[in-house]
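Using the hints provided, position chain B relative to the given structure of chain A.
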Amino acid sequence: MIELIALLYIVAFALFIHGLTGLTGPRTAARGNLIAGVGMAVAIVATLLTPGTSNWLLIALGLLLGSVVGVPAAKRVKMTAMPQMVALFNGVGGGAVALVSWVEFRDSHGFASAPTYVAIASLFAAIIGSVSFWGSLIAFGKLQEVLPGRPIGLRRGQQPLNLLLLVATVACAGAIGTGQRAEMMLVGVLLFAAVLGVMVVLPIGGADMPVVISLLNALTGLSAAATGLALDNTAMIVAGMIVGASGTILTNLMAKAMNRSIPAIVAGGFGGTAAVYAGSGPADQTVRQTSAADAAMQMGYASQVIIVPGYGMAVAQAQHAVREMAGLLAGRGVQVRHAIHPVAGRMPGHMNVLLAEADVPYEQLKEMDEINGEFGRTDVALVIGANDVTNPAARSNPASPIYGMPILDVDQAKSVIVLKRSMNPGFAGIENELYFNEKTSMLFGDAKSSVAEITEELKVL
Amino acid sequence: MTLLANVAILVLAGFVGFAVISKVPNTLHTPLMSGTNAIHGIVLLAGLVLLGRSTTDAFDRVLLVIAIAFGAINVVGGFLVTDRMLGMFKKKPGAPTGKAVSARD
Chain A
1 MIELIALLYI
11 VAFALFIHGL
21 TGLTGPRTAA
31 RGNLIAGVGM
41 AVAIVATLLT
51 PGTSNWLLIA
61 LGLLLGSVVG
71 VPAAKRVKMT
81 AMPQMVALFN
91 GVGGGAVALV
101 SWVEFRDSHG
111 FASAPTYVAI
121 ASLFAAIIGS
131 VSFWGSLIAF
141 GKLQEVLPGR
151 PIGLRRGQQP
161 LNLLLLVATV
171 ACAGAIGTGQ
181 RAEMMLVGVL
191 LFAAVLGVMV
201 VLPIGGADMP
211 VVISLLNALT
221 GLSAAATGLA
231 LDNTAMIVAG
241 MIVGASGTIL
251 TNLMAKAMNR
261 SIPAIVAGGF
271 GGTAAVYAGS
281 GPADQTVRQT
291 SAADAAMQMG
301 YASQVIIVPG
311 YGMAVAQAQH
321 AVREMAGLLA
331 GRGVQVRHAI
341 HPVAGRMPGH
351 MNVLLAEADV
361 PYEQLKEMDE
371 INGEFGRTDV
381 ALVIGANDVT
391 NPAARSNPAS
401 PIYGMPILDV
411 DQAKSVIVLK
421 RSMNPGFAGI
431 ENELYFNEKT
441 SMLFGDAKSS
451 VAEITEELKV
461 L
Chain B
1 MTLLANVAIL
11 VLAGFVGFAV
21 ISKVPNTLHT
31 PLMSGTNAIH
41 GIVLLAGLVL
51 LGRSTTDAFD
61 RVLLVIAIAF
71 GAINVVGGFL
81 VTDRMLGMFK
91 KKPGAPTGKA
101 VSARD
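Chains A and B are the protein sequences, given in the same order. At position 321 of the first sequence the residue is numbered 321 (the numbering used here), and the sequence of numbers has no breaks. At position 70 of the second sequence the residue is numbered 70 (the numbering used here), and the sequence of numbers has no breaks.
Okay, chain A solo, but in the shape it has when bound (with noise of 0.2 Å):
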């Protein structure tokens, strides 16, 4: 039976090798997701038949569980909420890492007879685990909405007070793995990294919320990788050390993509001197405001529109309206493309899903260094909720915290249209400077509600 158990773990972390490989390629993505599907079940089937295994009522009512909350999350959330659904399900896992270790620490007596690999695996799962689970929450509710989205923290005293919450951790870690058997020492270490992930990830702008999810996924990935190594678990040190790996050259591209390394995202200096640069913004300049009956005009006798969409267009729902719009002007004789930004939104990707779902064909959809050559050719882009992703002061300004981050020239454009609720500046709290551009014009409101208007006016135009 354990050869079975074995041999069963091989087929499963093969499928999940194989489905990784598929979900690399368009083509390929929906089936490499179903085969890595397959792969979890066997390896769930091959763990049940061990010899001797019993509880198993409880076993049965855990699986349930989860399975009456996960499935009717995964299937109503709405495309628009993705990224926290995907805090959340990585925040979980991490809990389920955490709680193993508290067992595992309960069930040989404080590792009292267990090699010291063991207690060491164990307890880089139980920190590790523990910072996910709780800093995934936080990620959850800073895009929810449930908590501000504006960097949260001590300033200056945030990395020493982290700093010092590690050194915590870490020492009760330490004082276990070198005979301490109370639990009181392993509770510490729960809640000293629990701590440790909520003042992590509390002082993260916006912005790098999605860089912060996939770091976050990766570490999850490695502590299931720790804890498959303390039980010697083939399966879960395969699939737990390729979601670390991947995850990492994933967190690493997400970066890249926004010209920032992990290391400052982390110590959170975005957003923290946004204050001080709002300060001496362009406060005394005005915007111009237009109407829909005007933006239609514009876009309806340009011949060559862009479409910028951004988190806005997410929260409004508005990528069908955005959709309809676009096929009116196309019906006109317009050519209308839609730029999108490696990380607008929340996600990388995130708009593409999104007009995906409303059916925008693939070939109005222009990556950024594919596109932004073409602004100075376009008569109109239309900037829908999208806010850092076009500010100039990535370009132009060395005091601005996004300084350096690749962004869509949308400036270039001949006239831009921007739809925003309002003023306030976006998640990152930078204020800019493609508003107060003479060649702009605010069209305030809900995204969806202005789109729509547009495409009123478009059709008695």
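Worth flagging that the hints you see were computed from the coordinates, not collected in a lab. Quick caveat: nothing in here was measured; it's all calculated off a predicted structure. For each residue, glycine too, the CB sits at the ideal point set by N, CA and C. Heads up, some of the hints might be wrong.
[Said to hold, decoys possible] Calculated lysine-lysine pairs in the PhoX-like style (CA-CA distance at most 25 Å, straight line): (1) B:K23 / A:K414; (2) A:K366 / A:K256; (3) A:K414 / A:K366; (4) B:K23 / A:K366; (5) A:K366 / A:K78; (6) A:K439 / A:K366.
[To be verified] Sample of chain A residues at the chain B side, in silico, Cβ under 8 Å: (7) L58; (8) G66; (9) K75; (10) G93; (11) M254; (12) H350.
Just chain B, lined up with the frame of chain A:
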């Protein structure tokens, strides 16, 4: 000896993970993150193994049932959500195209 074999597996798996994610189009970053996210729900197995042993006390069992539930949410939710996301990229037969909706009244 088990430790060394496991560490070897760990290192190799790490390189596989690096190798797989070399070139990924931006479009797929979100589904990929969500898909790998589902895979680390594998920690569910740890819950199954520990709860399956009969050495646990009542408090352990409570913790483990929660852990299994958490893991199951991670796995089931993760795969389903990824599937839904990827479904958006598929061409839907009969779906309105840009041209169909552009007919003016």
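(request) Just pull the numbers of the violated hints for me, sorted ascending. (result) The structure conflicts with hint 1 only, although it agrees with all the remaining ones.
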